[in-house]
Every structure is written in structure tokens, then in C-alpha cells.
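Just need the whole structure built from these sequences, with the hints factored in.
Chains A and B, in that order, are what the protein sequence lines are. Just so we're aligned: 86 in our numbering is position 86 of the first sequence, and the numbers increase by one with no gaps anywhere. Every position in the second sequence, counted from 1, becomes a number in our numbering once 1000 is added.
These are calculated hints, taken from the structure and not from any lab test. Please note that a few of the clues may not be correct.
Here are the computed lysine-lysine pairs in the DSS-like style, where the Cα-Cα straight-line distance is at most 30 Å [stated by the list, open to error]:
1) Lys-57/A / Lys-101/A
2) Lys-9/A / Lys-1106/B
3) Lys-101/A / Lys-1081/B
4) Lys-1106/B / Lys-101/A
5) Lys-1106/B / Lys-57/A
6) Lys-57/A / Lys-9/A
7) Lys-1106/B / Lys-1081/B
8) Lys-9/A / Lys-101/A
9) Lys-1081/B / Lys-57/A
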Amino acid sequence: DSGVTQTPKHLITATGQRVTLRCSPRSGDLSVYWYQQSLDQGLQFLIQYYNGEERAKGNILERFSAQQFPDLHSELNLSSLELGDSALYFCASSVEGVNEKLFFGSGTQLSVL
Amino acid sequence: GQSLEQPSEVTAVEGAIVQINCTYQTSGFYGLSWYQQHDGGAPTFLSYNGLDGLEETGRFSSFLSRSDSYGYLLLQELQMKDSASYFCAVRGYGGYQKVTFGIGTKLQVIP
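As C-alpha cells, this is what we get:
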């Protein structure tokens, strides 16, 4: 158990809908990262937050947004969902903003039908 | 930008040694990390090389050559449970740069 909690574990929804994925980092970790992993694909970096502020951005679609709250949990919002958004979404956390050891949650499997 | 290359699949025999290579291109460089991911599971951190040379952690070792933009993960005394995907990852220079992962190498350990 990495200490990073992601909910829900599975999410099935329809095209055009909006969903919110939630992540609670390990106790004491200030940095949260979001990754997307499609079938047989690597981990695509979406966005990183550090202590409530956005720190780094990857190829995150405009339909996607995220935030980190004062209690350090983070939410990834996906809107106007398309079939191609079906993927495993991972959240990871680290102690600092620049730290090579990321602790990953168990992921949220999103299926868009 | 950052890009990494690693083999897509490797097969090795139980008890043997296997090396998974990773070459990278990045504008600035902090270090190279390795992660393991079993099917259906979350990636877990294995090792990090910030300096050239070899880092050893039990049966796993990782190597980095900054001048060659190259690193590898060495797994010794392979066990069936080592069957998994292995990802190399880099963080670009400049502090808050994204951590980029390679496509992953699927290792199959056979009896």
C-alpha cells in the first residue's frame, strides 16, 4: 500500500459527460501528479501540483482540469468525455516538488461508452 | 521536450540476468528513475540514478551514463514474480519540470 488513495476505482460513463477523479496523497506529501495510461501505453503526464499551486503541465487537454485543495487532496475533472478518454488515471505524490520517488495510487479505470 | 526509448518486450529465463536499456533525450537532466508495474497494478519506484555509475538495491541494479544519455536496469536471479512492465523516467532540468516516462518494457520470465 503506497499510502496514496484514489477514488473511485472504476467509473463507467457516457460520451459527453463530466467526471471527477479524487486523489489523497500520502500523509506529509505536498506534491501531486496526474498521469493517464491507455491500453498498452506508457504513462502520459498530465499535470503536477505542489502545495496547492500548479507546477508543471503536460499534454493535458483543455477539457481536463485539476486542482489541489488546502488539505492537499487533488481532483481531476474530465468533461465532454470522448471514447478516447477511456484509460487508467493514476495519481502520484511525493514529499517535495522536485523528488524522484513518486508514490502511485491504485488508479481509476475510466470507461467511456 | 523529453523522450525516452526502451525495448517493448524482453523474455528471460527464471534464475537468469536481464538488462533493460533506456536512452533519453531531454533539455536538461536531473536523473533517471525506474519503476515496476505489474498487470493491473500501480507503478512502484525501484531506483534512481542522479550521478553516473551503478546503484544496487538487492537483486536490482541501475546504471547511468550522462555522457551517453543512457541507462539500464539490471535484474539478477530472476523470479517469476519479476514478470512485469518496467519504466524508465526522467525529470528535465529546472526544478518543476514534468516527470516523463518511457513506453515501458514488458518483461516475461519463463521457467
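**Prompt:** Against which earlier hints does the structure fall short, listed by number upward?
**Reply:** 9
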